[in-house]
Amino acid sequence: MAKLHDTAVKQIEEIIARYIDEPTPLMLILSDIQKEYGYIPLEVQEIVSKKTGIPVAEIYGVVTFYSYFSLNPKGKYVIGCCLGTACYVKGAQQVIGKFEELLDVKPGCTTKDGLFTLDALRCIGACSLAPALKVNDKVYSNVKVDEVQKIIDEYKGAK
Amino acid sequence: MAKVNIKIEGVPYQVEEGLTILEAARICGYEIPTLCSYNHGECSLASCRVCLVEATGARGLVASCVYPIAEGMEIRISSPKAVHARRVSVELLLSNHSFKCQQCEKNGHCELLHVAQLTGAREDKFMGAKTPTHYDNVSPSIIRDTSKCVLCGRCVARCVNAHGTGILGFEKRGFNTYIAPAENRSFMESPCILCGQCVNVCPTGALMEKSEIDKVDEAMRQGKYVVVQTAPAVRAALGEEFGFPVGTPVTGKMVAALKRLGFNKVYDTNFGADLTIMEEANELLARIKSNGVLPMITSCSPGWVNYAEYFYPDQIDHLSSCKSPHQMQGAIIKSYFAQEKGLDPKDIFVVSIMPCVAKKFEKERPEMEVNGLRDVDAVLTTRELAKLIKRSGINFAKLPDEEYDQDLMGDYTGAGVIFGTTGGVMEAALRTAYKVLTGKESNPIEFKQVRGMEGLKEADININGTILKVAVASGMRNAKVLLDQIRDGKSPYAFIEIMGCPGGCVNGGGQPYIKPSLMPNEDLDIIDTYRQKRANALYSEDERQVLRQSHNNPQIIELYNKFLGEPNSHKAHELLHTHYNKDRVQFPEK
Chain A
259 MAKLHDTAVK QIEEIIARYI DEPTPLMLIL SDIQKEYGYI PLEVQEIVSK KTGIPVAEIY
319 GVVTFYSYFS LNPKGKYVIG CCLGTACYVK GAQQVIGKFE ELLDVKPGCT TKDGLFTLDA
379 LRCIGACSLA PALKVNDKVY SNVKVDEVQK IIDEYKGAK
Chain B
313 MAKVNIKIEG VPYQVEEGLT ILEAARICGY EIPTLCSYNH GECSLASCRV CLVEATGARG
373 LVASCVYPIA EGMEIRISSP KAVHARRVSV ELLLSNHSFK CQQCEKNGHC ELLHVAQLTG
433 AREDKFMGAK TPTHYDNVSP SIIRDTSKCV LCGRCVARCV NAHGTGILGF EKRGFNTYIA
493 PAENRSFMES PCILCGQCVN VCPTGALMEK SEIDKVDEAM RQGKYVVVQT APAVRAALGE
553 EFGFPVGTPV TGKMVAALKR LGFNKVYDTN FGADLTIMEE ANELLARIKS NGVLPMITSC
613 SPGWVNYAEY FYPDQIDHLS SCKSPHQMQG AIIKSYFAQE KGLDPKDIFV VSIMPCVAKK
673 FEKERPEMEV NGLRDVDAVL TTRELAKLIK RSGINFAKLP DEEYDQDLMG DYTGAGVIFG
733 TTGGVMEAAL RTAYKVLTGK ESNPIEFKQV RGMEGLKEAD ININGTILKV AVASGMRNAK
793 VLLDQIRDGK SPYAFIEIMG CPGGCVNGGG QPYIKPSLMP NEDLDIIDTY RQKRANALYS
853 EDERQVLRQS HNNPQIIELY NKFLGEPNSH KAHELLHTHY NKDRVQFPEK
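Listed in order, the protein sequences are those of chains A and B. Going by my numbering, the first sequence opens with residue 259, and the numbers climb by one from there. Going by my numbering, the second sequence opens with residue 313, and the numbers climb by one from there.
Read the hints as simulated data drawn from the structure, not as lab findings. Every residue, glycine too, gets a C-beta built ideally from N, C-alpha and C.
Listed below are several chain B residues computed to face chain A (Cβ distance under 10 Å; list not exhaustive):
#1 Phe482
#2 Glu483
#3 Phe899
Please build the complete structure, drawing on both the sequences and the hints.
If you want it as structure tokens, here you go:
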């Protein structure tokens, strides 16, 4: 537990205190921690366990069950490529493949410089824009493989 | 309790309201194939779908383990639809199962194989991808092999129910789900107390003890002087492996078997238990006299010691410094016994037969050696002993009753025997404390206030007008109550007994499996009564003993006179006492 900074521990304890009296506080606590920090490592799960009495293994189970939660820090820009049916038939696999090649990461992983995280998403509800992808909250539509480099450069430049 | 009328296969029955179909059917004489073995509340997931039946009022087939009966319900177990559905359920389980039965340590006790046979399921009906598997054999006690896991969740429930620690959980999702300690760590890198309760409830070979039979074989091969000792709880359960009813004491046959297996000496750990009482009772009285740290807590259970180190390191001084009985006995075998017999202690190999898998870890602790000699070299569980006997062609039931070796450490008292059940160590200690404090034996000898299978017991013991407040807990969920009291400075007790497993060693993680579906001749409520039945076997042996207080064991008295001096002497401390590790990290950095 030595790795966590005191102020972080305090903040996490504050989040826990917000929901501790709820009948089932775990999802609420984890959601806020995920929002605040972008990930929920084991050290943080241990604090949640101590305060709520829920075993660490159970918390870890919840964190690994929902794709919303992450065990590792996310990059500054999260690229979410939709691989839903419509996007898939329109070539989304080639698009995400290009991202993998250019960024040198697998889906679910973050680049070494911490700038990009590549995620494979199921349907994001933008089938008419297929293949679609999101970078943080910005949606890109009808993406072609040869546009991938341009999208990356857009954010690399903004560094 | 109100009754309801149901029909099973068209035959009318009246049963208690509130039962599940599975429970009601069992009472009426039907065994619906199931993987949950009637462990009340310890698998309520209904995920295995092995027990599907037809019931009126329900849409489609229902899982009888969770579906409640209702007035007028008609249940069909044998309809072609239900029979087929159960077979397919099992075939689906088998499609993701590593089917290496002849190598599997649970062979003969496997509930999955049992239901596969019952339902006529074929292992290769559904071929396809298999879930990635994980194998953990890092701890000296427990092996986890997810290739055999059916995700029933009984281990998860047992850990939470018994200890509140919840070491195991479901990880990931869907087809990739597996059961593991957080982060898929080994048991050694998470705050697992290694009690083995999860092994006891696992229906397959996914959770197993780590066998040490090879170590014993190797020692025999090398021509070592092999001394074996057996814990009290072993005799109360070993017979189950050979078809005896639960609760049959088989002390004499067990000794006879061990003598035929080539051990040089066969001793009873009860001698070590008597020795523990001498040390522990005197330590308690010294603490009371000198205003030492109270309450004092027993330290015989290695699962409990692990728990204390992980979760209450700030309260560790409350633990008695006594080693557990088999460690004490091991230390005495390699010192006093070796000296008296003119043996080089390096040539002696000590094997402990224990009802416990945490003992396998305990014997590996760095503290458990004297002058570079390990107190104990191998620990076998009751189940492993049964394997040793079976592979040697011994017909256990036909063995005569024989006596333990009598020289040097052959005597034992009834106080030592009852160590194997919750409340037993407390009662044994009280018998001796009474004598030390008053100079007289207690009358009656028994302290029945501390008996029984409740997880948490307390009693006021009147010793010549002085009231000694004591408490007994088994299962860490119950121990936690007493420990929180201590932490808050509100504990009214002077002496506390804590055992790791619910019910004490009779229900240890190394004991024969209690699986009602595989025990057709046992009582229907065996899952509720086996602990008490095994404990009764120990109490009856206590009653048969002439000597029933540890301080009256003549060989213990001789040991002190010739070798140790007096209880808690310098020499006794060197050989028989230990210390604890306050710095164990629950989840060490990987």
